[in-house]
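Residue numbers (this note's numbering), protein chains in the order written: chain P, 1 to 337; chain Y, 1001 to 1258.
Don't read these hints as lab results, they were simulated from the structure.
It cannot be assumed that every hint is accurate.
As the list claims (entries may be wrong) - In silico lysine to any residue, SDA-like type, Cα no more than 25 Å apart, as pairs: (1) P:Lys-106 / Y:Leu-1151; (2) P:Lys-132 / P:Glu-161; (3) P:Lys-155 / P:Ala-134; (4) P:Lys-106 / Y:Leu-1178; (5) P:Lys-76 / Y:Tyr-1088; (6) P:Lys-155 / Y:Gln-1171; (7) P:Lys-76 / Y:Leu-1204; (8) P:Lys-115 / P:Phe-83; (9) P:Lys-76 / Y:Thr-1195; (10) P:Lys-132 / Y:Tyr-1088; (11) P:Lys-282 / P:Ala-221; (12) P:Lys-183 / P:Gln-153; (13) P:Lys-106 / Y:Gln-1171; (14) P:Lys-155 / P:Ser-85; (15) P:Lys-155 / P:Glu-177; (16) P:Lys-76 / Y:Tyr-1118; (17) P:Lys-76 / Y:Asp-1157; (18) P:Lys-132 / Y:Leu-1151; (19) P:Lys-155 / P:Ser-137; (20) P:Lys-106 / Y:Tyr-1088.
The model shown is predicted, which means the values in this text are computed figures rather than measured ones.
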Amino acid sequence: MSDTFVSLTDLTLSYGQTVAVPNLNLDIVEGELIALLGPSGCGKTTTMRAIAGLLTPASGRIMIDGTDVTRTPANKRGIGLVFQSYALFPHLSAFENVAFGLRLQKLSDAQVRAKTEAGMATVGLTGFETRKPAEMSGGQQQRLALARSLVMQPKVLLLDEPLSNLDARLRLEMRNELQRVQKDTGITMVFVTHDQSEALALADRIVLMKDGKIEQLGKPADLYAKPATAFAAEFMGFENIFRVDGTDLVSDTGRLSMGFAAQANMLAWRPSGVSVGAGPHKGRVLASSFAGGHREYVLESPIGQIKADAPIETPEVTLGQEVAFDLPRETARHLVA
Amino acid sequence: MSRLTIWVILGVTLTFLIGPFLIVIFAGMSAGEALAFPPQGLSLKWYAKVFTVESFRASFALSLFLAIFGTLAALAIGIPAAYALNRYDLPGAEMIRTIVAAPIIVPGIIVGLALLRYFVVPLDVTITMALFVTHAALVLPYAVRVVSSSLNNLRSDMEEAAVILGCTRFQAFTKVVLPNIRGGILAAFILGFVTSFNEVPASLFLSGPGVRTLPIDMLSYMEITFDPSVAALSALLAFMSVAIVFIAERLLGFSRYV
């Protein structure tokens, strides 16, 4: 790709003897918002720290904007990082927190003031200049941390679990804020998250990681609709995943005939892809909960538990009752284990 | 437990803590010539006499010098040591921590004897120098401990944030770490100052002719003269310590750190 902006080549990252990320290759395009998604321990944070320069790679190369920065120290990389804990300086006012990096540059006081004020205005914190971080709410601290990074005009902005410390309402607000800032500044952003809904909502592209390797990389819609592996499918909400043997689904507890052959060795269904009330199979209702537009069932079947969402219009099945269900061919996702 | 029992226990505890202090204050206010309690008549003449004793003035100056500079020296070593122990995964860190704490556990008299036998005599150092080194060493554990506990409360990602914003590691330390552990450093200084000022056992071995710390000077004064001036001086020193700790508590919540 010609417009590659950040490029990780054969990157191996380790903590002492433990290799956290073996041989990673990833190209990030200028101006894109990319999510490193995965469970804890998948190497996403380690990769982010390596891009920031807080961790020296065991081997491999990191290129940013055409320059090899593999050995460039963190304070000379021109990269921004918003920490999960925000890492604001408690002894400084909000203004001085934002001005901190600018004061290290050879700028006049007037320039520092102008840039700091503009930065605080960008995140809507005008008027909070004299507050100490401890006197600000979680959302305000988050935006302050963002402003502190943005005023440095970083080439790449890294964000570590940017929404994890916020409550549901602030999360939505901050998500919009990040998208707006990204659109306004055109800055390349890489954020780390373990929450697939966050990644799906925010990212242009998602890098799904597992055990230090890229499991799947793609646009949110593609990843959501077409996870390639069982791991990716599970992460994207396919809660019913079963092994295939001929035209049967098999598990440790039993088998279930599908009546069609799979193109791969695993099949997966979202709860919304399972139909309840009619079908060739029988299951007993173990749990049932109302979820607004649909009802969530857990069914006990010969191959284990099946999670199924039934539209609210369909008649309710009470706990302990047997119900017919179907794992339709049309909603099945064929996977390679 | 009944309320009465609690009050009795509290009363006994307070008597044990404050009783000797009150006795010393009043013994020093005696109008008589010998140290006695209850005092024979009341007067402040012994309090006044303290300031006229030449050796007290000299030993007070020495003790003050040792308390200030010994503690500063301990901090100069202790702050980086605490930082290294806290931030880096050093091999044998646990052992280093134990060694650093040793002077608190080992009786001062053993420290004094060891230093005299294997440091002062073979190296022929001056008494003042020997006292300075000893006091710095005795205060070091407190410096490391108190500074460590305030470093523990400071998240290390704050330094990383400073580095990402352009600081060198050293700048991150001076601009971010130091301002945030200022309270702990001040607390360590006060604790060190008081510890050094009140130190007797090790100083006993190292004091020499004409060069004595104040507590040692008071001991030897009492061997010759048994007048109430020592009680008066003790009371004054106790007031000084109380005042220092009181001011420290007011200014920075001293008790949070110790």
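Right, here's what the structure says about each hint:
1. This hinted pair does not check out: Lys-106 of chain P and Leu-1151 of chain Y have alpha carbons roughly 31 Å apart, beyond 25 Å.
2. With a CA separation close to 23 Å, the supplied pair Lys-132 of chain P and Glu-161 of chain P stays within the 25 Å bound.
3. At most 25 Å may separate the alpha-carbon atoms for a hinted pair to count; Lys-155 of chain P and Ala-134 of chain P exceed this at roughly 29 Å.
4. For the hint pairing Lys-106 of chain P with Leu-1178 of chain Y, the CA-to-CA distance comes to about 23 Å; that is within 25 Å, so the pair holds.
5. Between the alpha carbons of Lys-76 of chain P and Tyr-1088 of chain Y the distance comes to roughly 23 Å, so the proposed pair stays at or under 25 Å and holds.
6. Our distance criterion of 25 Å between C-alpha atoms is met by Lys-155 of chain P and Gln-1171 of chain Y, whose separation comes to about 23 Å.
7. Among the hinted pairs, Lys-76 of chain P with Leu-1204 of chain Y is inconsistent with the structure: their alpha-carbon atoms are about 55 Å apart, more than 25 Å.
8. As the CA atoms of Lys-115 of chain P and Phe-83 of chain P are separated by approximately 21 Å, the hinted pair is consistent with the 25 Å bound.
9. Restraint check for Lys-76 of chain P and Thr-1195 of chain Y: the C-alpha separation of about 45 Å exceeds 25 Å, so the hint is violated.
10. With a C-alpha separation of about 29 Å, the suggested pairing of Lys-132 of chain P with Tyr-1088 of chain Y is violated against the 25 Å cut-off.
11. In summary, the hint linking Lys-282 of chain P to Ala-221 of chain P is not supported, as the alpha carbons are separated by about 33 Å, beyond the 25 Å threshold.
12. Of the pairs offered as hints, the one joining Lys-183 of chain P and Gln-153 of chain P holds, with about 14 Å between alpha carbons and a cut-off of 25 Å not exceeded.
13. Between the alpha carbons of Lys-106 of chain P and Gln-1171 of chain Y the distance comes to roughly 16 Å, so the proposed pair stays at or under 25 Å and holds.
14. Proposed proximity of Lys-155 of chain P and Ser-85 of chain P is supported: the alpha carbons are some 22 Å apart, at most 25 Å.
15. The suggested pairing of Lys-155 of chain P with Glu-177 of chain P holds, with an alpha-carbon distance near 19 Å, which does not exceed 25 Å.
16. Distance check on the hinted pair: Lys-76 of chain P and Tyr-1118 of chain Y sit about 50 Å apart at the alpha-carbon level, beyond 25 Å; violated.
17. Distance hint between Lys-76 of chain P and Asp-1157 of chain Y is fulfilled; the C-alpha atoms sit about 18 Å from each other, no more than 25 Å.
18. The hinted pair formed by Lys-132 of chain P and Leu-1151 of chain Y meets the criterion: a straight-line CA distance of about 20 Å does not exceed 25 Å.
19. For the hint linking Lys-155 of chain P to Ser-137 of chain P, the alpha-carbon distance of about 28 Å lies beyond 25 Å, and the restraint is violated.
20. Only pairs whose Cα atoms come within 25 Å are accepted, and Lys-106 of chain P paired with Tyr-1088 of chain Y is rejected, the gap being roughly 32 Å.
Hints 1, 3, 7, 9, 10, 11, 16, 19, 20 from the list above are not met by this structure, while the remaining hints are.
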